[in-house]
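Once you have looked at the hints, place chain B on chain A.
2 protein chains.
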Amino acid sequence: MKAVWAEVITIGDEILYGQTLDTNTYWMGKELNIIGVKIIRKVAVGDQREEIIKALDEASQRADIILITGGLGPTKDDITKKTLADYFNTSLVEDEEVLEHIQSLFSKRNLSMNALNNAQALVPQGCTVITNTMGTAPGMWFERDDKVYVSMPGVPYEMETMMERSILPKLKSTFALPVIYHQMIQTVGIGESWLAEQIESWEDNLPPHIRLAYLPSYGRVKLRLTAVGTNRLELEDDVAEQVQKVVPKIEKYVFGYGDLTLEEAVGAILTKAGKTLAVAESCTGGFLAHTITSIPGSSRYFQGGVVAYSNNLKMNLLDVSEETLHQHGAVSEETVRAMAEGAKKNLLADFSIATSGIAGPDGGTPEKPVGTIWIAVASPQETIAKKISLSKDRLVNIRRSTVIALNMLRTAAQTALANPS
Amino acid sequence: MKAVWAEVITIGDEILYGQTLDTNTYWMGKELNIIGVKIIRKVAVGDQREEIIKALDEASQRADIILITGGLGPTKDDITKKTLADYFNTSLVEDEEVLEHIQSLFSKRNLSMNALNNAQALVPQGCTVITNTMGTAPGMWFERDDKVYVSMPGVPYEMETMMERSILPKLKSTFALPVIYHQMIQTVGIGESWLAEQIESWEDNLPPHIRLAYLPSYGRVKLRLTAVGTNRLELEDDVAEQVQKVVPKIEKYVFGYGDLTLEEAVGAILTKAGKTLAVAESCTGGFLAHTITSIPGSSRYFQGGVVAYSNNLKMNLLDVSEETLHQHGAVSEETVRAMAEGAKKNLLADFSIATSGIAGPDGGTPEKPVGTIWIAVASPQETIAKKISLSKDRLVNIRRSTVIALNMLRTAAQTALANPS
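Quick mapping for you: the protein sequence lines, in order, are chains A and B.
Okay, so the first sequence: first residue is 1 according to our numbering, each after it adds one.
Okay, so the second sequence: first residue is 422 according to our numbering, each after it adds one.
Mixed in with the good hints there might be a few duds.
Said to hold, decoys possible - Partner residues aside, some chain A positions facing chain B, computed with beta carbon under 7 Å: (1) Asn33; (2) Val43; (3) Gly286; (4) Ala289; (5) Asn312; (6) Pro369.
Worth flagging that the hints you see were computed from the coordinates, not collected in a lab.
As the structure is a computational prediction, the values presented were derived from the model and not from experiment.
From the three backbone atoms N, C-alpha and C, an ideal C-beta is built for every residue, glycine too.
So here's chain A without its partners, still in its complex pose (with noise of 0.2 Å):
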């Protein structure tokens, strides 16, 4: 079987420029290939009508589906769509489909419209318009040699929803697709180098339709294993085969397979085991407690949190004492296990999770450099507490700290639950 290959076309100078985060093509990646097309390449390019022209010749010698998102809304820097007439040899005409939909929109809203939305009703003769369903920028599906071209809004909401329920089920219907079959196993907790020394003399015997690549980011590295065939359940056994052989190797960090992440890992031992979880925060400033929440269901075990920043508030709602946070500091061994007790108790849970550090830029003393972070897990057994040294970039710690405390408490609920007190 041939494999299908598609370019992704991004356009628009905010993107060149990074005004704009491009969190698009990673959507598309992901999807494209769960489906089995293959991704040549990502291209963008600015709002340059001889630019864009340039990409889509390109693309078309490469790939056999030309995904282009961006460069269509209402207003004047947009040029996408008289050039896409333009190179498919049409002119722009008035679509009824779409003026009616921009139109019932704004009348649902209790918004008028303009001349700049009614302009967005204009399509290139010819091609196949891809309803909107969350706004006004229509799609367009062209095809020529063989070959299929799709142009996209780049408000990733109106992408996302026109690929899932239109464009990804027109393309597997148009193409006949291989088979590709990717598992990730998920570890926390150890360095890339240090998990390839472990892992050596295995992937140096994988077969040679499976691949391997390691993918690091914030404290943890996902392993990702490809198989590429015809046959799904084939490579499917292909690859639970070589996990069965791989996990034993370092079972204390994975902590799950496939797209979970660590907080929903979390979440599936404290539902498990019905017990629920509050979080006390200081350094992490709520990106802990977001991190939980932004998981569906949360609320099943979530019982909320409490960001202290002032000391005031960590004796208030947290009951850490005025003496402990006199005596060792807000940053301290003793302060983060009060405050990942009084989580526990005055938020009514079963665990807790608290952090105290100094996130930076600003902020460290000799003693506790910007970096120093303290983390404190309650269980209803016990409470463990760890210092961990990280940077100076502030996201970059907040972050960091929030997996290596949400890997803590999934390692003490963990024995928490094996042995019952």
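Only chain B this time, still in chain A's reference frame:
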């Protein structure tokens, strides 16, 4: 003056297949722009020798500066270094300084090195090595036919530190760079097409050396003015003149200029007035506190927050009465007002924000569908509340309601501080 063009190449299957979000080229775009380097294209290719070489060849046709990130690291999926050595007709040799640097990093962290770490000291002969102060993989600078090629690791803070300390200064001294001046006007609370309509006549009369772009994201729209010329002071004056003309037309939506974020704007208002803030979150689950505390120095005005997921915590920590919760439900004007007032009182703050809603994707009812969110802001004088109706996407709802909540606080704080009671 001839424009200097850069092309950015990212190497890694994980970028193509959506396993890693590319934040590197976003950051690089911003930094290149500031020093007056134009960006012709951004390209991502997989860990494939042929694709890397093709991308290098094509970039050489278009750009003066070719910046490469990713594909460097201790594990075996990395082929970039060998490909670069071949591309520049040279071979890999061990670099003494790099080896010493890696050794000292490991001994500082009390770790021992393995063979993979040792291999990181290999570099293509003849390249200029750029020290990686944050990690083990060195940067490499090549020159050929008046073009510069720089290969950097893909770990964001390693690449960023390397760019800041070595590569950007070296680019500035190597090339004669034109002057590009950007000014950003930050707006919130008005849609892109309506903003465009308000300023249409002004936009039509912009001088030819100044361009305008609309950059929307989560309820905010940035207006970017870009001026190109040779004299920075002249460009600054030209842009300032246009800003003075346009801002009065959209004054109530403008919260700041440049890279200022809404959370920084709010922080500046509170700091100037010497007032404090607390938050009580239900549906935003900690993201509001995180957004506020992502700003260095936020501890000066941010007292802290409560994430009250359970009704018990709404009662215990925020003094919401059982009757209010029973009669109106957790997602109601009455509850969110009580939460804001409880947070202001119990968390000892001058201002407070509260959120309560159904973030989704599940949990809606016909009366209160997913996306129904109540927000309240309490000032020293009054409490105001507002209901918004958002989407079914949990993370989009969390982000958008955070923006709307911060903007409500901004407006309320400005009013309260202009008319002290």
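Exercise. Out of the numbered hints, which ones does the structure contradict?
Worked result: Result: hint 6 breaks, nothing else.
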